Amino acid sequence: QSVLTQPPSASGTPGQRVTISCSGNSSNTGRYNVFWYQQLPGTAPKLLIYRNNQRPSGVPDRFSGSKSGTSASLTISGLRSEDEADYYCAAWDDSLSGVVFGGGTKLTV
Amino acid sequence: QVQLHQSGPGLVKPSQTLSLTCAISGDSVSSNSVDWNWIRQSPSRGLEWLGRTYYRSKWYDDYALSVKSRITINPDTSKNQFSLLLNSVTPEDTAVYYCARSGSDKGFDPWGQGTLVTVSS
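Sequences listed follow chains A and B, in order. Positions 1 to 109 (the working numbering) are the ones given, in order, by the first sequence. Positions 1 to 121 (the working numbering) are the ones given, in order, by the second sequence.
Extracted from the complex, chain A is given alone in its bound form:
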């Protein structure tokens, strides 16, 4: 059981907007920045969002992140078939003295 809670699946049709949630507590998401990773089948995870809402260079602005309290969310606008992947949130956790991940959300387009 993962420390951060994500829905196991999400879906949408091309062009739609989809939001994936990530819930933690005061030891992790409530205190520290949240990060989002995209993992395409058979590949290593790739950084999508850092510091809650910042996009690394090269990540399309269709991807956006937000955080409020102990919850964070990743929103993908203008959904495309190539967005079909697993998405993970992560944050530092004081109680565990380490980085913790969500269980991942499988997005179907």
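In short, the hints are calculated from the structure, not lab data. Please read these numbers as outputs of a predicted model, since none were measured by experiment. Treat the hints with caution; some may be incorrect.
[Unchecked claim] Chain B stretches covered by chain A per the calculated footprint, using a threshold of three residues with CB under 8 Å from any CB of chain A:
(1) 9-16
(2) 45-51
(3) 58-72
(4) 97-109
[Unchecked claim] Here are the computed lysine-lysine pairs in the DSS-like style, where the Cα-Cα straight-line distance is at most 30 Å:
(5) B:K58 - A:K106
(6) B:K106 - A:K46
(7) B:K79 - A:K46
Here a beta-carbon is modelled for each residue, glycine too, at the ideal position from N, C-alpha and C.
With chain A fixed as given, assemble chain B onto it according to the hints.
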């Protein structure tokens, strides 16, 4: 452009030591502003951060509580790489292992290509 390349055996016997290496290009293992991490992924445990090594005028390391008694992450400045040693492995340690850079609160980026390690006799 920073790249990480992993190497090491894909099969380890129970009770033995898992050993992987991550070679760094485009950055330095001795950089004062980044950390060098190991992360694993398995169907049963999901993504699990294992630990990191980093240099801030001297070397430091942090390890996940779940593996703290069995893990060592070592930097190798002569080869600009870092390694993972996980001893007393069991089948529960079967996973894809990744190395990754982090720092300045910018997340894990980039990641190595991943190494599937199977613990089996």
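Quick rundown of the hints versus the structure:
Closer than 8 Å: that is the beta-carbon criterion, and the region 9-16 of chain B has 0 residues meeting it against chain A, so the requirement of 3 is violated. Judged by the Cβ-Cβ criterion of 8 Å, the region 45-51 of chain B is covered by chain A as claimed, because 5 of its residues qualify and three suffice. Counting residues of the region 58-72 of chain B whose CB lies closer than 8 Å to any CB of chain A gives 4, so the stated coverage by that chain holds, three being the minimum. Remark: the region 97-109 of chain B is confirmed as covered by chain A, as 6 of its residues place a Cβ nearer than 8 Å to a Cβ of that chain, reaching the required three.
For the proposed pair K58 of chain B and K106 of chain A, the alpha carbon gap of about 41 Å is over 30 Å, so the pair is violated. With a C-alpha separation of about 12 Å, the suggested pairing of K106 of chain B with K46 of chain A holds against the 30 Å cut-off. For the suggested pair K79 of chain B and K46 of chain A, the alpha carbons sit about 26 Å apart, so the restraint of at most 30 Å is met.
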